[in-house]
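Going line by line, the protein sequences match chains A and B.
When the letters of the first sequence are read in order and numbered with our numbering, they come out as residues 1 to 177.
When the letters of the second sequence are read in order and numbered with our numbering, they come out as residues 1001 to 1585.
Source of the hints: derived by calculation from the structure; they are not laboratory data.
Here are some chain A residues the structure puts well away from chain B; computed CB gaps all over 10 Å:
# : residue
1 : T30
2 : P43
3 : V50
4 : T62
5 : A70
6 : L71
7 : G75
8 : T78
9 : D136
Computed footprint of chain A on chain B, listed as stretches where at least three residues anywhere in the stretch have a Cβ under 8 Å from a Cβ of chain A:
#  : region
10 : 1474 to 1485
11 : 1506 to 1516
12 : 1528 to 1536
Glycine included, each C-beta is placed from N, C-alpha and C at the ideal position.
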Amino acid sequence: MTTTRSAPSATVLRPPRHRVARRAVVWWSTRILSGTALAAGAPALAALAVPALGTPPEVLTTALWWAAAALGGAGLATAAVVPQWRFRVHRWEVTDTAVYTASGWLWQEWRVAPMSRVQTVDTQRGPLQRLFRLADVVVTTASAAGPISIKGIDGDRARSVAAELTEAAHNTEGDAT
Amino acid sequence: MSADDAAPGRDAGWRRLSPLTVWACALALGAVFVPGAAVGAVVVRLVGAPWPWAALILLGGAVCVAVPTAVEALRWSRTRYRVAGERLEIRTGVVATSHRSVPRDRIRSVDVVVPIWMRPLGLCGLSVGTAEQAGAGSTEIRLRYTGRAEGERLRAQLLLRAPAYAAGGGYGQEDAVGAGTARELARLRPVWFGFALVSGATPALGVAAVGAALNVLSWFGRDRADAVVAGVAGQIAARPLLLLPGVLAVLLVGAAAAAAVQVEAWWGYRLDREPDGTLRLRRGLITNTSLSLEERRLRGVEVRRPLPQRWFGAARVRAVATGLDSEGGRGDPVPRNALSPDLPRRRALALSAEVVRETESPAAAPLRPHPRAALRRRITRALAGTAAAAATGAGLAPPTQWALAALPWLPTGTRGFAAAETAAVSAAGALAGALAGALLLVPWAVSAYRGLGHAVLPGYLVTRTGALVRTTVALRRDGIIGWRISRSPLQRPAGLATLTATTAAGPGRYSAPDVALGAGVRLADEAVPGLLAQFLAEPAAERSAGGGTREGSKRGGSAAADRGDSDAVDGSGRGGVSAEPPSGR
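Produce the complete structure using the sequences and hints provided.
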């Protein structure tokens, strides 16, 4: 036992120091809204197209409109709530010795990886992310448990963080296992 | 890399697999298809079909042998390998060629497999386990097949440690390397096969044997098989006591089959520590398997106690090593990281201590139990399962009644059931489901809770989980390459969390489920000192000091960027893990 702490309540992980970029909220909202537009648009289009092709039963058109409305409503509600929530819970921090991230709303998750065990560092930018000048940083270790990713931070920031991490990983001896 | 390996002319060139591989393929196919085609031709001729038909069958047989043999010959001619410098290189592929090059220090294990039909030809197959986890695809390289001597040479050469690397590696015990001869850690005692008789596979194999017998019976006509089944069922319905010897016979057959499987897999079992710093496992009756595992790849040891055998005091040892997952090879019932068959528990613990070079097994250390809330969670799950079983029972009862009513004869004692009201039948079904669920699930819940435990030893993090297979994992603390702490919505009100240590070895993660949150964080901090400490919310003075470190760090560029779109958060902010128990508890 290398460290001992007397009071159990004293041991608390503080949240990582940085939030993701403010613009990530817009990015997430755009993503959810475009998904919503597709999901709700399909039944709406069908509801418009079916009467033009024949004489469908009244129930069918009504049902299609209802489906479109329900999907659209659910999508709008998600777009209103989820990005804000994500912005509140997604945090990250890179210190000289470790990468630390927190994520998850219902299923919370905190991950820590020592810098000395980082194997590869990638930045990823989707088309939508490029539009908002955002990027993901994906940090892999030798574990099969999956990479640690920091999603939706500023593009330039991501590049500098990745460069920093790459340098640290490069300095590590051995194969970081 | 030793001098003669580096010498030009020895390993500079590419090598081929053994040409006997092609002959072996032709022989194996010929053994199946030549007699088959001959018999087919004779039968066709006897039935009275014209000659061309028989000739066609013979031709088909010849094609079935020739085409795969040609493909195999092509594969053989296109496959080359070499150990050059610090890399193992393999070129293969007929249509799409591939060139794979693996640094030798990424090679974790080498399996030498000798199937029985390869034994007279003097061939063996090699499987090379590598540490490439990130990339997609197989982490295993197969060489099928090389000569026995060549296989042994490759095994030794691939695992031979380069002196420069060994000096830098942090895991091996350097002093023990290179001196002395192989030391035997374990050797088979046939009495251990007794544990196979009481394994969970016994009833399953017994039932499978009955199924296979029925299948054979149905070759002689479905009617005959059905008649036999009906006859047996009628006998049992008339004299239920007959069931007892019947079940006993099925169990005996199953036990014999289970023992046979274990004997095939573990006959000749030996575990040695080789002088070159590898653990060498040898086993197998029909297919001889030899697995070499570098000790510096070892990140710990695992002791498993599966349920039926646990009652008889059995345990088995597995390695926690990089490049070795728990999946078995093709058609091999033994996982690749297995280091022993079922042993008496005391022996298994002694072996686990030997494997990691400790005097006392870390897997035998006393463990801290998990909070009672973890038991409540499991009981809740069991009760939910019981409710589901009751609902299923209620749902299944009426169709069962209907099926019974449609049978031509009724087993004794079911007449009342078949004639009862649907509502009563549903209620009976629900009751049966609830009883079965409660009888199975509540003991499971208690056993699962009692299985939970964790401890931090000087060199190891020990976690224990599992009701059916109670698994104790002793993971070397220097093999932990990260932490994950997670909480589900149901764990949160109970103040619990799941602590997962990620590692390069085995499945990549080992968890301590349902620890008290504060205890989990403390455990992680204890196990890997200095990593988590900087993220712990300490009293205010220390916290501000921590903030200062960040600002004062050398990374001025990113610190400047920090001000743009992020804000410093203090320890009491949202998103942190708080260990305070919820109010009212």
